[in-house]
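Chemist: The lines below spell out each chain.
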Amino acid sequence: MLMGNAKTLTKLVVVTLLMFGFGFALVPFYYKICEATGINSGGEQSLVNNTQVDTSRWVTLEFDANTNTALPWQFKPLQNSLKVHPGQLVQVEYEVVNNSDRAIVGQAVPSYGPARAAAFFKKIECFCFTPQTLAAGERRRMPVLFVLDRAMDQEVHTVTLSYTFFEMGAKAQTTGRLRVSPHG
Amino acid sequence: MTDATHAHGHDDHAHHAPPGGVMRWLTTTNHKDIGSLYLWFSLIMLFTAGSMALLIRAELFQPGLQLTNPDFFNQLTTMHGLIMIFGVIMPAFSGFANWQIPLMLGAPDMAFPRMNNWAFWILPVAGALLMGSFLLPGGAVAGGWTMYPPLFIQGGISYDLTILAVHIMGLSSIMGSINIITTILNMRAPGLTLMKMPLFCWTWLITAYLLIATMPVLAGAVTMLLTDRNFGTSFFNAAGGGDPVMFQHIFWFFAHPEVYILILPAFGIVSSIIPTFARKPLFGYASMVYATASIAILSFIVWAHHMFSVGMPAAAQLFFMFSTMLIAVPTGVKVFNWVATMWKGSMTFETPMLFAIAFVCLFTIGGFSGLVLAIAPVDIQLHDTYYVVAHFHYVLVSGALFSIFAGIYYWLPKWSGYMYDETLGKWHFWLSVIGMNIVFFPMHFLGLAGMPRRIPDYALQFTEFNQIATVGAFIFGFSQLIFLVVVLKAAKGGVKATDRVWEGAEGLEWTLPSPAPYHTFETAPVMK
Numbered sequence: 002m003l004m005g006n007a008k009t010l011t012k013l014v015v016v017t018l019l020m021f022g023f024g025f026a027l028v029p030f031y032y033k034i035c036e037a038t039g040i041n042s043g044g045e046q047s048l049v050n051n052t053q054v055d056t057s058r059w060v061t062l063e064f065d066a067n068t069n070t071a072l073p074w075q076f077k078p079l080q081n082s083l084k085v086h087p088g089q090l091v092q093v094e095y096e097v098v099n100n101s102d103r104a105i106v107g108q109a110v111p112s113y114g115p116a117r118a119a120a121f122f123k124k125i126e127c128f129c130f131t132p133q134t135l136a137a138g139e140r141r142r143m144p145v146l147f148v149l150d151r152a153m154d155q156e157v158h159t160v161t162l163s164y165t166f167f168e169m170g171a172k173a174q175t176t177g178r179l180r181v182s183p184h185g
Numbered sequence: 002m003t004d005a006t007h008a009h010g011h012d013d014h015a016h017h018a019p020p021g022g023v024m025r026w027l028t029t030t031n032h033k034d035i036g037s038l039y040l041w042f043s044l045i046m047l048f049t050a051g052s053m054a055l056l057i058r059a060e061l062f063q064p065g066l067q068l069t070n071p072d073f074f075n076q077l078t079t080m081h082g083l084i085m086i087f088g089v090i091m092p093a094f095s096g097f098a099n100w101q102i103p104l105m106l107g108a109p110d111m112a113f114p115r116m117n118n119w120a121f122w123i124l125p126v127a128g129a130l131l132m133g134s135f136l137l138p139g140g141a142v143a144g145g146w147t148m149y150p151p152l153f154i155q156g157g158i159s160y161d162l163t164i165l166a167v168h169i170m171g172l173s174s175i176m177g178s179i180n181i182i183t184t185i186l187n188m189r190a191p192g193l194t195l196m197k198m199p200l201f202c203w204t205w206l207i208t209a210y211l212l213i214a215t216m217p218v219l220a221g222a223v224t225m226l227l228t229d230r231n232f233g234t235s236f237f238n239a240a241g242g243g244d245p246v247m248f249q250h251i252f253w254f255f256a257h258p259e260v261y262i263l264i265l266p267a268f269g270i271v272s273s274i275i276p277t278f279a280r281k282p283l284f285g286y287a288s289m290v291y292a293t294a295s296i297a298i299l300s301f302i303v304w305a306h307h308m309f310s311v312g313m314p315a316a317a318q319l320f321f322m323f324s325t326m327l328i329a330v331p332t333g334v335k336v337f338n339w340v341a342t343m344w345k346g347s348m349t350f351e352t353p354m355l356f357a358i359a360f361v362c363l364f365t366i367g368g369f370s371g372l373v374l375a376i377a378p379v380d381i382q383l384h385d386t387y388y389v390v391a392h393f394h395y396v397l398v399s400g401a402l403f404s405i406f407a408g409i410y411y412w413l414p415k416w417s418g419y420m421y422d423e424t425l426g427k428w429h430f431w432l433s434v435i436g437m438n439i440v441f442f443p444m445h446f447l448g449l450a451g452m453p454r455r456i457p458d459y460a461l462q463f464t465e466f467n468q469i470a471t472v473g474a475f476i477f478g479f480s481q482l483i484f485l486v487v488v489l490k491a492a493k494g495g496v497k498a499t500d501r502v503w504e505g506a507e508g509l510e511w512t513l514p515s516p517a518p519y520h521t522f523e524t525a526p527v528m529k
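Quick mapping for you: the protein sequence lines, in order, are chains W and F.
The numbering used here numbers the first residue of the first sequence as 2 and each following residue consecutively.
The numbering used here numbers the first residue of the second sequence as 2 and each following residue consecutively.
I should point out that these hints are in silico values taken from the structure, not numbers from a laboratory.
Be aware that a few hints might be false.
Claimed, not checked - Just some of the chain W residues that point at chain F, by a computed CB distance under 8 Å:
#: 1; residue: T9
#: 2; residue: V15
#: 3; residue: V16
#: 4; residue: F23
#: 5; residue: F25
#: 6; residue: P29
#: 7; residue: T38
#: 8; residue: V54
#: 9; residue: T131
#: 10; residue: L135
#: 11; residue: M169
As the list claims (entries may be wrong) - No farther apart than 27 Å at their CA atoms in a straight line, the calculated lysine-lysine pairs in the DSSO-like style are these:
#: 12; chain 1: F; residue 1: K345; chain 2: F; residue 2: K197
#: 13; chain 1: F; residue 1: K427; chain 2: F; residue 2: K490
#: 14; chain 1: W; residue 1: K8; chain 2: F; residue 2: K197
#: 15; chain 1: F; residue 1: K497; chain 2: F; residue 2: K281
#: 16; chain 1: F; residue 1: K197; chain 2: W; residue 2: K12
#: 17; chain 1: F; residue 1: K427; chain 2: F; residue 2: K493
Unchecked claim - Sample of chain W residues lacking proximity to chain F, with all beta carbon distances greater than 12 Å (derived):
#: 18; residue: N6
#: 19; residue: L13
#: 20; residue: T17
#: 21; residue: A152
#: 22; residue: T165
In this text, a Cβ means the ideal position worked out from N, Cα and C, and glycines have one as well.
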């Protein structure tokens, strides 16, 4: 009987150790299952499907970039035009270079053509939200993330987005009219 | 093996002159001593964690913060849960197993007496680690008994102590389970086949297998927490590419079987008591065995019903929902068998029987609210509300705890040799059963109305039901002092118990004198 006990003990200890290992084996097993079934795959799943896209029409977007003549910056969009559906999330990029030998703070001011499109141009992220400081000779790429509201008038087929950079600081203040609010 | 023979040899020496005082209890390898130690430990822990519950209920008597701050409140709920599960219910069932399994099987002792001693004596160490963490900077763990990351990865030193305590308690349970399985498989009296065993032994055999299968998984999960906390791994740490939801899967893979570990021995106790006081053999013995086994097997495939709200595909939700509902079938078999055992029996209503009947009725209520929670769309609404609190207290208080009370009243005369005070026992029963329902029944309504669990403060409209619950909690809590008095009185003296104790009692343990001698069945009895 006691020999039997030793055998049972050995078996049960082996089961215990195996189950301890099984606990750790659940880790790769979990990721394999998630991968095989497409559950929980690293956040892609979590992006909500945008159901607000109006695929029935196209709108041509034209991008324009200017600098105030007093500002020694080079400023241009990385794409001149883009065809999008209203409701679609769009990201475009602009590039700016400080050609001077000093750090300059600039503020971009947008304008829209036609002007009534402005109310439907919903920006989520834009370099124009904050003043931009560029060191001497610095080159920077800056994004604009936006949605063109699907409620925009049907007859508008082309929208132009134009940015103008102004230097912020003493000079701008003296001219007075060129002062911009930080959230312009 | 030599270990066990050696332990036996040592034991044989010891019982001629057992060491006195503390050393007797520290070094004991006697299953009756160890059974008593488990039960006393469990009783002390019951009052410890019960006091925390009363503090929680006192805080919730009215909205706003009166007695605690939110962090201390969270420490109380966490520790109340951990201690009640690992320090009260599980040790109490181990105490019953140690006392009763050798007596029921006609075995001289447990298979590995020395390991049995260790299995008990590491428990108070774990208890001290848990309780001691209240004194540390930052206080005790406040992350909930389920230990979910990321909260559990972020806490202070007491979180490490709790992980260590869980390791120790798991080790204790595993050693206890190995002992129980080996004793049941190898040390039954000649002629006592498995299918003739008392149902209590069956339920514990299956419970012990569940423990061996799941406790190591818990140990693994908390080890991963520990290395995430201290050694820079990222099993659950999202910042390092880990996944906190994975902890919930691994944890509940352990913790759902754990739920049955907390209730299957209760089924065994109740299945011993009801036939005695109905004076009829247990109805459907074989179906009881198969039902217990199927509950145990099903318990491994239903874990995700605890986490419907983390998000999973509809197919997975349906699978876990239906497999959970399936468990109602074997559980229903058991309830109907108990009712059928009582049917047309010549019943008497001594305290053990009262607790057993209350168990059948109230556990069934807890089972039904479990079925409600099994429905995924309903659960997403009720998740983490007081409805869940009501549900698991119906199965753990009026289920597991009531079965423990029933078992103590039932076997205490055999253990101490004295009858308990029946009048006090009845007072204890009625105050407990009324108090318990006043505490936990209103919680169903609170949960349905949307009161979240684990909060120290609540919206005004929940006030009345919370006040009712708090009044009930104090009735229930203080009536446990009656239980303490009954146990102390019956341990010291009183009316001598007869050998059979109960008129309808059947089984090997009742053939022994009362109190059961220090050494029993040194020569195995032969079963017909």
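Chemist: If a hint holds in the structure, say so; if it does not, say that too.
Modeler: Going through the hints against the structure:
1. The closest approach between the C-beta of W/T9 and any C-beta of chain F is roughly 4 Å, which is under the 8 Å cut-off, so the hint is satisfied.
2. Interface restraint check: W/V15 against chain F, minimum CB-CB distance 10 Å, threshold 8 Å, status violated.
3. Of the supplied interface hints, the one on W/V16 holds, with its beta-carbon coming within about 6 Å of a beta-carbon of chain F, less than 8 Å.
4. Taking 8 Å as the C-beta contact cut-off toward chain F, the hint placing W/F23 at the interface holds, the least distance being around 6 Å.
5. Using the Cβ-Cβ criterion of 8 Å, the hint placing W/F25 at the interface with chain F is satisfied: the shortest such distance is roughly 5 Å.
6. This hint is violated: W/P29 has a C-beta 11 Å from the nearest C-beta of chain F, more than the 8 Å allowed.
7. At about 7 Å, the closest approach between the beta carbon of W/T38 and any beta carbon in chain F falls short of 8 Å, and the interface hint on this residue holds.
8. Because the closest C-beta pair between W/V54 and chain F is about 25 Å apart, greater than 8 Å, the hint is violated.
9. Hint status for W/T131: violated, given a least beta-carbon distance of 28 Å to chain F, over 8 Å.
10. About 33 Å separates the beta-carbon of W/L135 from the nearest beta-carbon of chain F, more than 8 Å, and the hint is not met.
11. A hinted interface residue such as W/M169 counts as satisfied when its beta carbon comes closer than 8 Å to some beta carbon of chain F; here the least separation is about 37 Å, so the hint is violated.
12. Between F/K345 and F/K197 the alpha-carbon distance is near 24 Å, which keeps this suggested pair within the 27 Å criterion.
13. Between F/K427 and F/K490 the CA atoms are separated by roughly 15 Å; this keeps the pair inside 27 Å, and the hint holds.
14. Between W/K8 and F/K197 the CA atoms are separated by roughly 24 Å; this keeps the pair inside 27 Å, and the hint holds.
15. For a cut-off of 27 Å, the pair hint linking F/K497 to F/K281 stands: about 26 Å separates their Cα positions.
16. Between F/K197 and W/K12 the CA atoms are separated by roughly 25 Å; this keeps the pair inside 27 Å, and the hint holds.
17. The straight-line distance between the Cα atoms of F/K427 and F/K493 is roughly 20 Å, inside the 27 Å bound, and the hint therefore holds.
18. Against the 12 Å criterion, W/N6 falls within the reach of chain F, whose nearest CB is about 5 Å from its own CB.
19. With a least CB separation of 5 Å from chain F, W/L13 falls inside the 12 Å interface cut-off, contrary to its annotation.
20. Under the 12 Å C-beta cut-off, the non-interface status given to W/T17 relative to chain F is violated; the minimum distance is some 5 Å.
21. Look at W/A152: its CB is around 32 Å from the nearest CB on chain F, clear of 12 Å, so calling it non-interface holds up.
22. Distance check on W/T165: its Cβ is at least 41 Å (rounded) from any Cβ of chain F, clearing the 12 Å threshold; non-interface status holds.
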